[in-house]
Each structure stands twice: as C-alpha cells, then as structure tokens.
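Quick note: to get the working numbering, add 1407 to the position in the sequence shown (first position is 1).
For the record, the hints were derived by calculation from the structure and aren't laboratory data. Wrong hints could be hidden among the right ones.
What the hints assert, rightly or not - Using 25 angstroms as the maximum straight-line C-alpha spacing, the simulated SDA-like pairs for lysine to any residue come out as follows:
| no. | residue 1 | residue 2 |
| --- | --- | --- |
| 1 | 1508 | 1411 |
| 2 | 1434 | 1558 |
| 3 | 1515 | 1481 |
| 4 | 1508 | 1462 |
| 5 | 1434 | 1504 |
| 6 | 1515 | 1432 |
| 7 | 1434 | 1481 |
| 8 | 1434 | 1477 |
| 9 | 1434 | 1471 |
| 10 | 1515 | 1504 |
| 11 | 1515 | 1528 |
| 12 | 1508 | 1539 |
| 13 | 1508 | 1432 |
| 14 | 1508 | 1555 |
| 15 | 1515 | 1546 |
| 16 | 1508 | 1550 |
| 17 | 1434 | 1517 |
| 18 | 1508 | 1537 |
As the list claims (entries may be wrong) - Label-pair distances were calculated between CB atoms; the ranges are:
| no. | residue 1 | residue 2 | range |
| --- | --- | --- | --- |
| 19 | 1558 | 1409 | 19 to 29 angstroms |
| 20 | 1416 | 1502 | 47 to 57 angstroms |
| 21 | 1550 | 1467 | 47 to 57 angstroms |
Here a beta-carbon is modelled for each residue, glycine too, at the ideal position from N, C-alpha and C.
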Amino acid sequence: MSLLDWTYMLVLAVAVVVTLFVANTVKIPARVSWVRVIFFLAIAAVTTFVTVQYAGSLHTRMTGIFIAGMMLVFGFWRKGLATWAVVAGLGSIRIWSALTKADVIVNKNGTVVEAFVGSIRVSRLHFNRSADELGRFLEQHMRPGAVNIIR
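Please model the complete structure; the sequences and the hints are all you need to start from.
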C-alpha cells in the first residue's frame, strides 16, 4: 500500500469517528431527508459493486473503499442540536458561543430553527418538535434574549 492509500484510510477512519461522536452528542435531532440518505447509500452501493467487480490493483480497491465509506459518512451524518453546538452539516458545525441569535419559526410542516452569526444565517434545520421545546433548549445554551419564537 502506498502513502496515499494509508492517507485515504486515515481520513476515512477520522470521518467515521467524528460522525459517530456527533451522532451520539445530538440531543434534538433534525428531520432526516430520506432522499439525501438514499442518494448517498445508492452511490456507496454502486461504488462498492464497481470496486469489487473491476478493481485490478490494491490502490484502486483502497480508492473505492474510501469513496464508498465517505458516501456512507455523508448519508448517515446526523443533523440537530447538541449540547455544545448546532450541527447542520460536515462543514457547518457552529458552537453556541459563535451564534448571535436563533429564530424558531413555526410553519405548517413543523418547526424551523435558523441560527445566525451577525445578520448571516449559517444554519437552517427542520424539526418535528414544538417551538416551545426547541426555544427552551436554545435558551439554555445561548445568550439571554438571543432566541426569537416566530409563530
């Protein structure tokens, strides 16, 4: 195995560990987009099939395993509210102290939480929870007066 193959496996291992850590720390999970999950699972399945059928070298197999593994990480990434941060995506984790305000918006499809840094919305998560429950959780972790419930 080459240095690149070892790097792929190290990055995949770190991504899996981080995904498991985040999944276990999310206290109020956001709604799951099943289209997104199925999309990433399908890519992982196709990549695995092609790798098993056509990979001739060890490097090609390692690359296929890496791609399939990362698609699984993307598919199973857990969004929601943790005790330490708002978890929206792999590249969009915002710790509570970095947020300036949060809007809890009630609409016909559920409840939406929008998190802001200054006047820029950095996260938008959809929940099947009540606005009061989400508001109480946010008020525990954010500065006083930073949570707005919009009905």
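- Is the straight-line distance between the alpha-carbon of residue 1434 and that of residue 1481 25 angstroms or less? Roughly 19 angstroms separates the two Cα atoms, so the pair holds.
- Message: Can you confirm whether the C-alpha distance between residue 1515 and residue 1432 stays at or below 25 angstroms?
- Response: 28 angstroms, violated
- Hey, residue 1434 versus residue 1504, does the alpha-carbon distance stay inside 25 angstroms? Since the Cα atoms of residue 1434 and residue 1504 sit roughly 18 angstroms apart, the hinted pair holds (cutoff 25 angstroms).
- Task: Take the C-alpha atoms of residue 1508 and residue 1539, compute the straight-line distance between them, and say whether it is at most 25 angstroms.
- Result: Distance ~16 angstroms between residue 1508 and residue 1539 Cα, so the pair holds.
- Message: Between the beta carbons of residue 1550 and residue 1467, is the distance compatible with 47 to 57 angstroms?
- Response: 52 angstroms, holds
- Query: Keeping to a limit of 25 angstroms between CA atoms, is the pair of residue 1508 and residue 1462 held or broken?
  - Reply: 50 angstroms, violated
- Query: So does residue 1558 sit 19 to 29 angstroms from residue 1409, Cβ to Cβ?
  - Reply: 58 angstroms, violated
- Query: residue 1434 and residue 1471: Cα distance at most 25 angstroms?
  - Reply: 33 angstroms, violated
- 25 angstroms Cα cutoff - pair residue 1515, residue 1504: Answer violated: residue 1515 to residue 1504 is near 30 angstroms, above 25 angstroms.
- Message: Assuming the hint says 47 to 57 angstroms, is it satisfied by the Cβ distance from residue 1416 to residue 1502 or not?
- Response: 29 angstroms, violated
- Item | Hint consistency between residue 1508 and residue 1432 [alpha-carbon to alpha-carbon, up to 25 angstroms] | Holds, at about 22 angstroms.
- With a cut-off of 25 angstroms on the C-alpha distance, tell me whether residue 1434 and residue 1558 pass. Cα-Cα ~23 angstroms, so holds.
Checked against the numbered hints listed earlier, the structure breaks hints 1, 3, 4, 6, 9, 10, 19, 20; every other hint is satisfied.
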